[in-house]
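S.K.: Sequences and hints are given; from them, build the entire structure.
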Amino acid sequence: MNKEELKEITHAKVTRKIKKGEVIFDEGEKLNGVFCVKNGVSKLSKLSPNGKDQIVKLAAKGEVLGHRSVIAEEHTNLSATAVNDMEVCYIPKENIINSIRNNPGFAVEMLKRLAHDLKDADDVIVNMSQKNVKQRIAETFLYIKSNFGEDEEGFLLLTLSRENIANIVGTATESAIRIISEFKKEGWIRTSGKKIGIIDEKKLSTLSSGI
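To convert, note that position 4 of the sequence shown is 4 in the working numbering; the numbers rise steadily by one, no gaps.
Among the hints, erroneous ones may be present.
Unchecked claim - Straight-line Cα separation of at most 27 Å, BS3-like style, residue types lysine-lysine; simulated pairs:
{"#": "1", "residue 1": "K145", "residue 2": "K185"}
{"#": "2", "residue 1": "K93", "residue 2": "K46"}
{"#": "3", "residue 1": "K134", "residue 2": "K202"}
{"#": "4", "residue 1": "K17", "residue 2": "K7"}
{"#": "5", "residue 1": "K184", "residue 2": "K203"}
{"#": "6", "residue 1": "K145", "residue 2": "K19"}
{"#": "7", "residue 1": "K93", "residue 2": "K20"}
{"#": "8", "residue 1": "K134", "residue 2": "K57"}
{"#": "9", "residue 1": "K202", "residue 2": "K46"}
{"#": "10", "residue 1": "K195", "residue 2": "K112"}
{"#": "11", "residue 1": "K145", "residue 2": "K61"}
{"#": "12", "residue 1": "K203", "residue 2": "K20"}
{"#": "13", "residue 1": "K61", "residue 2": "K46"}
{"#": "14", "residue 1": "K57", "residue 2": "K13"}
{"#": "15", "residue 1": "K93", "residue 2": "K30"}
{"#": "16", "residue 1": "K57", "residue 2": "K203"}
{"#": "17", "residue 1": "K57", "residue 2": "K20"}
{"#": "18", "residue 1": "K57", "residue 2": "K7"}
{"#": "19", "residue 1": "K46", "residue 2": "K17"}
Calculated from the structure, these hints are not laboratory results.
Every value quoted in this text rests on a predicted model; they were computed, and no experiment measured them.
M.R.: As structure tokens, this is what we get:
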């Protein structure tokens, strides 16, 4: 992106603070711009025919929301909701489209993001079809540790409700609660309220991989 394009986007972008639980955009919405995550985490989810939310991705700092819909000029196929307090940068659609048309380097970067999205979608499909719920929950905990880290007490920095965990792995909240209790009894994890700490990462990894 050249200096002039960067200057235009800098002038056009708007920074927004979003509270935990606030909806950034709904499924089926027509977007007039994209959202760049500066701080915090958003869940991207799709409503199933039975009314249950399926979380397909957790988007953190540096990720972009809504770019597929803006580029394809389609309504959003997912909703985005703040998992915790967030700060996002809103960039109008016209600035994004102009940069794609006039800057091959920027266009390539957007293609890379779209390709990465497709890979993530493929991984979700494979996990849902080939792994059982216990394996998916174990993998979710490992993913959160790897991508978001732990606090000083050894708890996962990203705290999710049991309902959100269930919606990530595609099961009932009651089933997720039962499996988390089983992991705790086995000594693989520990809990404090909603917080989860990994004790035996090797066991979770073995379970997740199906070995």
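S.K.: Would you mind marking each hint as holding or not holding in the structure?
M.R.: Hints and how they fare:
Between K145 and K185 the CA atoms are separated by roughly 20 Å; this keeps the pair inside 27 Å, and the hint holds. This hinted pair checks out: K93 and K46 have alpha carbons roughly 23 Å apart, not beyond 27 Å. Distance hint between K134 and K202 is fulfilled; the C-alpha atoms sit about 15 Å from each other, no more than 27 Å. For the proposed pair K17 and K7, the alpha carbon gap of about 22 Å is at most 27 Å, so the pair holds.
Among the hinted pairs, K184 with K203 is consistent with the structure: their alpha-carbon atoms are about 12 Å apart, no more than 27 Å. Between the alpha carbons of K145 and K19 the distance comes to roughly 23 Å, so the proposed pair stays at or under 27 Å and holds. Distance hint between K93 and K20 is fulfilled; the C-alpha atoms sit about 25 Å from each other, no more than 27 Å. The suggested pairing of K134 with K57 holds, with an alpha-carbon distance near 19 Å, which does not exceed 27 Å.
For the given pair, K202 sits about 32 Å from K46 by alpha-carbon distance, which is inconsistent with the 27 Å threshold. Only pairs whose Cα atoms come within 27 Å are accepted, and K195 paired with K112 is rejected, the gap being roughly 34 Å. For the suggested pair K145 and K61, the alpha carbons sit about 15 Å apart, so the restraint of at most 27 Å is met. As the CA atoms of K203 and K20 are separated by approximately 32 Å, the hinted pair breaks the 27 Å bound.
Of the pairs offered as hints, the one joining K61 and K46 holds, with about 21 Å between alpha carbons and a cut-off of 27 Å not exceeded. Restraint check for K57 and K13: the C-alpha separation of about 24 Å stays at or below 27 Å, so the hint holds. A C-alpha spacing of about 11 Å is found between K93 and K30, which places the hinted pair at or below 27 Å, so the restraint holds. The straight-line distance between the Cα atoms of K57 and K203 is roughly 24 Å, inside the 27 Å bound, and the hint therefore holds.
Straight-line distance between C-alpha atoms of K57 and K20 comes to about 17 Å, which keeps the hinted pair within the 27 Å bound. A distance of roughly 31 Å separates the Cα atoms of K57 and K7; the hinted pair therefore is violated under the 27 Å criterion. Using a Cα cut-off of 27 Å, the hinted pair K46 and K17 holds, with the two alpha carbons roughly 23 Å apart.
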